[in-house]
Amino acid sequence: GAGVSQSPSNKVTEKGKDVELRCDPISGHTALYWYRQSLGQGLEFLIYFQGNSAPDKSGLPSDRFSAERTGGSVSTLTIQRTQQEDSAVYLCASSASGSTDTQYFGPGTRLTVL
Amino acid sequence: GQQLNQSPQSMFIQEGEDVSMNCTSSSIFNTWLWYKQEPGEGPVLLIALYKAGELTSNGRLTAQFGITRKDSFLNISASIPSDVGIYFCAGQLLSDSWGKFQFGAGTQVVVTP
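Residue numbers (my numbering), protein chains in the order written: chain X, -12 to 101; chain Y, 604 to 716.
Bear in mind the hints are in silico, worked out from the structure with no lab data behind them.
Note that the structure is a prediction, hence the values are computed from the model and not measured.
Among the clues, some could well be false.
Lysine-lysine pairs mimicking DSS-like chemistry, simulated, CA-CA at most 27 Å apart [unchecked claim]:
hint, chain 1, residue 1, chain 2, residue 2
1, X, Lys(-2), X, Lys44
2, X, Lys44, Y, Lys703
3, Y, Lys654, Y, Lys673
4, X, Lys44, X, Lys4
5, Y, Lys654, Y, Lys703
6, X, Lys(-2), Y, Lys654
Non-contacting residues of chain Y with respect to chain X, defined by C-beta distances greater than 10 Å in every case (computed) [stated by the list, open to error]:
hint, residue
7, Leu607
8, Ile631
9, Gly645
10, Gln705
Glycine included, every Cβ here is placed at the ideal spot set by N, Cα and C.
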């Protein structure tokens, strides 16, 4: 597709369950970013990938959060043993090569943990 | 934690009025970005600033990279109803690895006819 796509668009889960969020970046973009946006808040940086490697994982809130990227394309953000405070919109963005290149955002996945 | 202070938090203005918002920090940034987010969508980049003192326009939008490299402002002139949305500043700290951006909490703009 032409833009960044994310799936699912909405996810409701029970506390304690694991969830996987998927991001399909723009074709050819080498850099991929994950952010979390809580209600009424700005974006919180989680992790970014350059190719398949993640030079900076410092934004991941806890060891329940992990992300991977395979083939330099699709990325998956996994949250294990979800907690209610994990409820937020998870946004993915990609850019051509990172650094100061424009980041193009997907529509996000709204996660609700009951 | 949050290193950017964005203000105001919200603005209710009449169509035709000018809007001004800013972001400040105690840290030095080497890049400032301004985004607009509409409901149910991801943020869209409006303006990017790369040099201290840089003043850049995009239509009715004007943004500046502060001389001290610790602040930036965004102005919207002659607002129209479609300017409604949440505007975010984002900056890349001098001390951070590239690719990592800090975001402000956003300024919600509501335009009434």
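Here is how each hint holds up against the structure:
1. X:Lys(-2) with X:Lys44: Within the cut-off at roughly 24 Å; holds.
2. X:Lys44 with Y:Lys703: holds, 10 Å
3. Y:Lys654 with Y:Lys673: The given pair, whose Cα atoms are some 12 Å apart, holds under the 27 Å limit.
4. X:Lys44 with X:Lys4: holds, 23 Å
5. Y:Lys654 with Y:Lys703: Holds: Lys654 (chain Y) and Lys703 (chain Y) sit about 18 Å apart, inside 27 Å.
6. X:Lys(-2) with Y:Lys654: violated, 41 Å
7. Leu607: violated, 8 Å
8. Ile631: The claim holds: Ile631 (chain Y) sits with its nearest Cβ about 16 Å from chain X, beyond 10 Å.
9. Gly645: At roughly 3 Å from the nearest Cβ of chain X, Gly645 (chain Y) sits no farther out than 10 Å, so the non-interface label is violated.
10. Gln705: violated, 7 Å
Of the numbered hints stated above, those contradicted by the structure are hints 6, 7, 9 and 10, listed in ascending order.
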